[in-house]
Amino acid sequence: VSLGARSAAGRPVIGIGVACRVRDMSEVRVLFSRSANLPLMEAFANGSAVAATFSRARDHRSIQLKASRASIGDTEPGDHSEAARQSAILADELMELGYTRIQAEAYAFCHAADLGSVAFRPERVFTQTPGPGAGAELHK
Amino acid sequence: MMAPELRVLRGALEGISASLLGTCDADGLPNASMISQVHWVDDAHVALSYQFFNKTRTNLLTTKQACVLVTDPGSLAFYRLDLDYVETRNSGPLFETMKAKLAGIASHHGLEKVFRLLGADIFRVVRDRGGRTAVVGAVLPGHIPPLGGTLLRSGSRALP
Numbered sequence: 010v011s012l013g014a015r016s017a018a019g020r021p022v023i024g025i026g027v028a029c030r031v032r033d034m035s036e037v038r039v040l041f042s043r044s045a046n047l048p049l050m051e052a053f054a055n056g057s058a059v060a061a062t063f064s065r066a067r068d069h070r071s072i073q074l075k076a077s078r079a080s081i082g083d084t085e086p087g088d089h090s091e092a093a094r095q096s097a098i099l100a101d102e103l104m105e106l107g108y109t110r111i112q113a114e115a116y117a118f119c120h121a122a123d124l125g126s127v128a129f130r131p132e133r134v135f136t137q138t139p140g141p142g143a144g145a146e147l148h149k
Numbered sequence: 149m150m151a152p153e154l155r156v157l158r159g160a161l162e163g164i165s166a167s168l169l170g171t172c173d174a175d176g177l178p179n180a181s182m183i184s185q186v187h188w189v190d191d192a193h194v195a196l197s198y199q200f201f202n203k204t205r206t207n208l209l210t211t212k213q214a215c216v217l218v219t220d221p222g223s224l225a226f227y228r229l230d231l232d233y234v235e236t237r238n239s240g241p242l243f244e245t246m247k248a249k250l251a252g253i254a255s256h257h258g259l260e261k262v263f264r265l266l267g268a269d270i271f272r273v274v275r276d277r278g279g280r281t282a283v284v285g286a287v288l289p290g291h292i293p294p295l296g297g298t299l300l301r302s303g304s305r306a307l308p
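So the protein sequences, as listed, match chains A and B.
In terms of my numbering, the first sequence is residues 10 to 149.
In terms of my numbering, the second sequence is residues 149 to 308.
In isolation and in its complexed conformation, chain A is listed as follows (with noise of 0.2 Å):
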């Protein structure tokens, strides 16, 4: 999951989550590794908007969903086991592209207590897969 922001001197930042959790079919809530993603916190809790894609690793098939605004927030009741399955998964796909299973576990790796999140409410959905059509915009 790449996570985009804009930060508060303007400037463009990018984060990486691990997991993804959906609630009511209208909040996305990306979970991610607070201490890698120090300046992408930062951006949202200064009212930045958020772009984040969800990418397959083994050909980088990609959607992106955008939101005018977005929150920090702790983690919630099954959020750990979550992030640990979804991490599971990611791994096996690296080790199908030729990762060991310690650089594709290392890779996935988010230690529990360093996990939080960003939930937001998608406002527009983009293709992301690479090519000319990435970028285009999906509509309803």
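What the hints contain is simulated information worked out from the structure, not anything from laboratory work.
From a predicted model like this one, the values you see are computed outputs, not experimental measurements.
Every residue, glycine too, gets a C-beta built ideally from N, C-alpha and C.
Among the hints, erroneous ones may be present.
Claimed, not checked - Far from chain A by the CB rule (all over 12 Å, computed), these chain B residues:
(1) R155
(2) D191
(3) A192
(4) V216
(5) V234
(6) R237
(7) S239
(8) F243
(9) E244
(10) T245
(11) A254
(12) V274
Stated by the list, open to error - Coverage of chain A stretches by chain B, computed from C-beta distances (three or more under 8 Å per stretch; other residues unrestricted):
(13) 17-27
(14) 45-59
(15) 78-91
(16) 109-116
(17) 134-140
Claimed, not checked - Example chain B residues on the side facing chain A (calculated, C-beta under 7 Å, incomplete):
(18) L168
(19) C215
(20) S255
Based on these hints, arrange chain B on the given structure of chain A.
Frame of chain A, contents of chain B only:
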């Protein structure tokens, strides 16, 4: 004077792992995408593979700014770099090197008919007022990322 710090990130700038790329449009709306290559040029510059004219490309040409998250395949440390666009090269040794690497990446992912290098976008790596570049990341046990020079390590993830 250019600090030597970017040289120690070369492991993360060889195109082994796909990188994450953040841009903003003219209204400040962020865009998050993946990029095949972030290539080391010298101690002050990197090159990004320009493969398609899409939203990311439009944003880059409009704002001249980007942020990338690259991964060292050895230590699995993440590095976040702020970038300012300088120029695009579509010929020469750098372009040919990146073109050859992209062909290998495309073959690995079965995307030979999709990935084609149109240019090598050169960016200057932005430093903070202290001349430092922020570094974040995870470290494999026994593999310590080279935090020499003036690198600022702003976060890490301990492994069990």
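These are the hints, each one checked on the structure:
The claim that B:R155 lies off the interface holds: its Cβ sits roughly 22 Å from the closest Cβ of chain A, which is beyond the 12 Å cut-off. Every CB of chain A lies more than 12 Å from the CB of B:D191, the least distance being 21 Å, so the non-interface label holds. The Cβ of B:A192 sits about 18 Å from the closest Cβ of chain A, beyond the 12 Å cut-off, so the non-interface label holds. For B:V216, the shortest C-beta to C-beta distance to chain A comes to about 7 Å, within the 12 Å cut-off, and the non-interface label is violated.
With 12 Å as the threshold on Cβ separation, the claim that B:V234 sits away from chain A holds: the shortest Cβ distance comes to roughly 16 Å. Taking the minimum C-beta to C-beta distance to chain A, about 21 Å, the non-interface status of B:R237 holds against the 12 Å cut. Distance check for B:S239 against chain A: the nearest CB is about 22 Å away, which clears 12 Å, and the non-interface claim stands. Even its closest Cβ contact with chain A, about 19 Å, leaves B:F243 beyond 12 Å, as expected for a residue assigned away from the interface.
Here B:E244 stays apart from chain A, with its beta-carbon at least about 21 Å from theirs, past the 12 Å limit. Residue placement check: B:T245 keeps its beta carbon more than 12 Å from all beta carbons of chain A (closest about 20 Å). The Cβ of B:A254 does not lie farther than 12 Å from every Cβ of chain A; its closest approach is about 10 Å, which violates its non-interface assignment. Chain A draws B:V274 into its interface by the beta-carbon criterion, the shortest separation being 8 Å against a cut-off of 12 Å.
Here's how the region 17-27 of chain A fares: 7 of its residues keep a CB closer than 8 Å to some CB of chain B, so the rule of at least three is met and the hint holds. Check result for the region 45-59 of chain A against chain B: holds, 7 residues qualifying (beta carbon to beta carbon below 8 Å, three or more required). Counting residues of the region 78-91 of chain A whose CB falls under 8 Å from any CB of chain B gives 0; the rule of at least 3 is not met. Only residues whose C-beta sits within less than 8 Å of a C-beta in chain B count toward coverage, and the region 109-116 of chain A has 4 of them, enough to reach three; the restraint holds.
Only residues whose C-beta sits within less than 8 Å of a C-beta in chain B count toward coverage, and the region 134-140 of chain A has 4 of them, enough to reach three; the restraint holds. Here the hint on B:L168 is kept, as its CB sits about 5 Å from the closest CB of chain A, short of 7 Å. For B:C215, the suggested interface contact is upheld, since its CB lies about 5 Å from the closest CB of chain A, less than 7 Å. The beta carbon of B:S255 comes no nearer than 13 Å to any beta carbon in chain A, farther than 7 Å, and the hint placing it at the interface is violated.
When held up to the earlier numbered hints, the structure conflicts with 4, 11, 12, 15, 20 and fits the remainder.
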